[in-house]
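Engineer: Please construct the entire structure, taking both the sequences and the accompanying hints into account.
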Amino acid sequence: MCQFYRIVRFKMKNDILMLNGEEIRSLLKFKEDELINIVQKAYEVYAKNIYSLPHSTFLKFRNDDKNRIIALPAYLNDGFNVAGIKWISSFPENVKIGLDRASAIMMLNSLKTGRVKAILESSIISSKRTAASASLAIRCLQKDNKIFSIGLIGCGLINFEILKFISYSNPSLKKIYIFDVNIDKANYFKEKCNNKFNTIEIEIVKDINRIFMHSSVISLATTVSVPYIFDISQCLKGSLILNISLRDLSPDVIMNCDNIVDDIDHVCRAGTSIHLTEQLVGNRDFIRCTLSDILLNKISPKNFSDKVTVFSPFGLGILDIAVASFVYKLGIKKNKGIRIEGFQPEKSF
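Residue numbers are given in our numbering: position 290 of the sequence shown equals residue 290, and the series is strictly consecutive.
Hints are computed from structural coordinates only; laboratory data are not their basis.
Careful, some of the hints might be misleading.
Stated by the list, open to error - Pair ranges (Cβ atoms, derived):
#1 62 - 297: 44 to 50 Å
#2 98 - 284: 40 to 46 Å
#3 96 - 61: 14 to 20 Å
Owing to the predicted nature of the structure, the values given are computational and were not obtained by experimental measurement.
We put the beta carbon where it would ideally sit given N, CA and C, even for glycine.
Structural biologist: As structure tokens, this is what we get:
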């Protein structure tokens, strides 16, 4: 190890705490309840309008419509008192060479000096805040119904994390239907699920309509860039679609559902299904409310008992920094990570 890096207790104002992926994975093990609560509190602070959340910035590349890197800056007040930025890349072809599609890093800043105080691997934070948000949406939007079966479209890390959180919060879960255009990914996902959830039956399906017909909760977590689902008439009445990847559903499908989002301005951009629908109809009236409105009891969770509800979370940076702040404090408490000593000068001039 380089002589400038030592694993010691973090305490100096000019030092930076750095936590890698395995350390973060260890710190967040069995922390599902805490993470769901943190995400809920972040949404509640959002609803009180004591935050700053600029639009995320998409860095794209010439003649490349697949790969991108996104910057998500955010500030969260009211007990969190944290600011930072997530820098997350999505390169779908990575999976062909044995790498994860997404990689990410997070920086947290001191609100006293503005200086960076932590650098954290953030793909794990990102996937867990996404799963916690999805689990919270289920708790809010399906709270009167036990969940016996769910459907997962897209067999990657995000849906695996979502499944972990759903199974933790819903012990009634007995059956999981999974679909992926890549059958090898589906088989690998099933193997991972069998190892993790040995009391739950896993079925790979070849037709997503089978998922619609048998699942009260459906999670879409794919890498598609344009809609391919044009008909959900086979969906169970009152079922919930977690529109995590945001671009799977056609505008016609969106128009005929009860639509809940995390932030209206954020989700109505970047070619999401919600954005395409807005462009088609010329307004946002098809969006009923935000999840925060429901959390604060401003609006009823269910407006139409027989309609399919679609929750479309753009993925707010406030959730990332809320979870990252939790990880940062755990890292200090448990003396984890590497302290980069004297990274920032006392005074340059």
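Engineer: Each hint should be assessed against the structure and marked as holding or not.
Structural biologist: Each hint tested on the structure:
no., hint, in the structure
1, 62 - 297: 44 to 50 Å, "holds, 48 Å"
2, 98 - 284: 40 to 46 Å, "holds, 42 Å"
3, 96 - 61: 14 to 20 Å, "holds, 18 Å"
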